[in-house]
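Asks: Sequence:
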Amino acid sequence: PPELVCAETNKYVNYAQRNTEEKLRRQAEKRGREFENKGRKRAWVAMKRSKLLAFVGTIVLLGFCKYTGAIEDFWSSKTENASVAAPQMTAAFTSTGWAQCWRFVHFADNEAPENNGDDKLYKIRKFTNLFREACAGAYRPGQMLTIDEMMVPFRGRSRIKQYMPLKPIKRGYKIFAIT
Numbered sequence: 001p002p003e004l005v006c007a008e009t010n011k012y013v014n015y016a017q018r019n020t021e022e023k024l025r026r027q028a029e030k031r032g033r034e035f036e037n038k039g040r041k042r043a044w045v046a047m048k049r050s051k052l053l054a055f056v057g058t059i060v061l062l063g064f065c066k067y068t069g070a071i072e073d074f075w076s077s078k079t080e081n082a083s084v085a086a087p088q089m090t091a092a093f094t095s096t097g098w099a100q101c102w103r104f105v106h107f108a109d110n111e112a113p114e115n116n117g118d119d120k121l122y123k124i125r126k127f128t129n130l131f132r133e134a135c136a137g138a139y140r141p142g143q144m145l146t147i148d149e150m151m152v153p154f155r156g157r158s159r160i161k162q163y164m165p166l167k168p169i170k171r172g173y174k175i176f177a178i179t
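Residue 88 in this note's numbering sits at position 88 of the sequence shown, and the numbers go up by one each step.
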């Protein structure tokens, strides 16, 4: 539910800002300097349901875009990026506000470990279960189905990323899809 994501995101922002400030304080002490908070961090506006839904909407919108450049180009006023600009995104967020949402969005509490070591998706398990139930309620399959294994390309760091040397897409997420 959106309320859970909003609560966990706001909680994580407080945790991250506290830890960052403590880390900077320790580094200053280590160097024999006095810590001064120069106020470089951007003020976080608490995540609410409307902001979360707008953020998810922009991610869906990005999924339909064929542009592979930098996300910041959507807010750029340069003429060569005019075809990239999406008025829905710029109306909903500033580039900094969107980047903060991207950085801080959280689905689970970091301080409450619920993982027994087997579940690699434990941080988003509640969300994936809700998504699976919603999909099951929205789609009624017929008699003729084909389930296909697919690779979604991904080169970043992830514990669930797989390497399959015989596939055209060698690194990424392996998923099963109804085709």
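Check each hint, because a few of them may be wrong.
No farther apart than 25 angstroms at their CA atoms in a straight line, the calculated lysine to any residue pairs in the SDA-like style are these [to be verified]:
| hint | residue 1 | residue 2 |
| --- | --- | --- |
| 1 | LYS126 | TYR139 |
| 2 | LYS170 | PHE64 |
| 3 | LYS48 | GLU133 |
| 4 | LYS11 | PHE64 |
| 5 | LYS161 | ALA138 |
Now the in silico label distances, taken between C-beta atoms and shown as ranges [as the list claims (entries may be wrong)]:
| hint | residue 1 | residue 2 | range |
| --- | --- | --- | --- |
| 6 | ALA46 | GLU21 | 26 to 36 angstroms |
| 7 | MET164 | LYS30 | 39 to 49 angstroms |
| 8 | PRO168 | GLN17 | 41 to 51 angstroms |
| 9 | ASP148 | LYS120 | 20 to 30 angstroms |
| 10 | TYR173 | CYS65 | 34 to 44 angstroms |
| 11 | TYR67 | ARG155 | 28 to 38 angstroms |
| 12 | ASN110 | MET150 | 47 to 57 angstroms |
| 13 | LYS170 | PHE131 | 39 to 49 angstroms |
Read the hints as simulated data drawn from the structure, not as lab findings. Just so you know, even glycine gets a beta-carbon here, dropped at the ideal spot from N, CA and C.
Asks: Would you mind marking each hint as holding or not holding in the structure?
Replies: Comparing the hints with the structure gives:
1. Of the pairs offered as hints, the one joining LYS126 and TYR139 holds, with about 20 angstroms between alpha carbons and a cut-off of 25 angstroms not exceeded.
2. Among the hinted pairs, LYS170 with PHE64 is consistent with the structure: their alpha-carbon atoms are about 24 angstroms apart, no more than 25 angstroms.
3. A hinted pair counts as satisfied when its Cα atoms are at most 25 angstroms apart, and LYS48 with GLU133 qualifies at roughly 24 angstroms.
4. For the suggested pair LYS11 and PHE64, the alpha carbons sit about 31 angstroms apart, so the restraint of at most 25 angstroms is broken.
5. Distance hint between LYS161 and ALA138 is unfulfilled; the C-alpha atoms sit about 28 angstroms from each other, more than 25 angstroms.
6. Distance hint check: the CB atoms of ALA46 and GLU21 are about 19 angstroms apart, inconsistent with the given range 26 to 36 angstroms.
7. Between MET164 and LYS30 the C-beta distance comes to about 45 angstroms, which sits within the given range of 39 to 49 angstroms.
8. The hinted window of 41 to 51 angstroms between PRO168 and GLN17 holds, with their beta carbons roughly 43 angstroms apart.
9. With their beta carbons about 22 angstroms apart, ASP148 and LYS120 fall inside the hinted range of 20 to 30 angstroms.
10. Roughly 20 angstroms separates the CB atoms of TYR173 and CYS65, a value that falls outside the hinted 34 to 44 angstroms.
11. Between TYR67 and ARG155 the beta carbon distance is about 18 angstroms. The supplied range of 28 to 38 angstroms is therefore violated.
12. Distance hint check: the CB atoms of ASN110 and MET150 are about 31 angstroms apart, inconsistent with the given range 47 to 57 angstroms.
13. As the Cβ distance of LYS170 to PHE131 is approximately 27 angstroms, the hint placing it in 39 to 49 angstroms is violated.
Violated hints, in rising order: 4, 5, 6, 10, 11, 12 and 13; the structure is consistent with all others.
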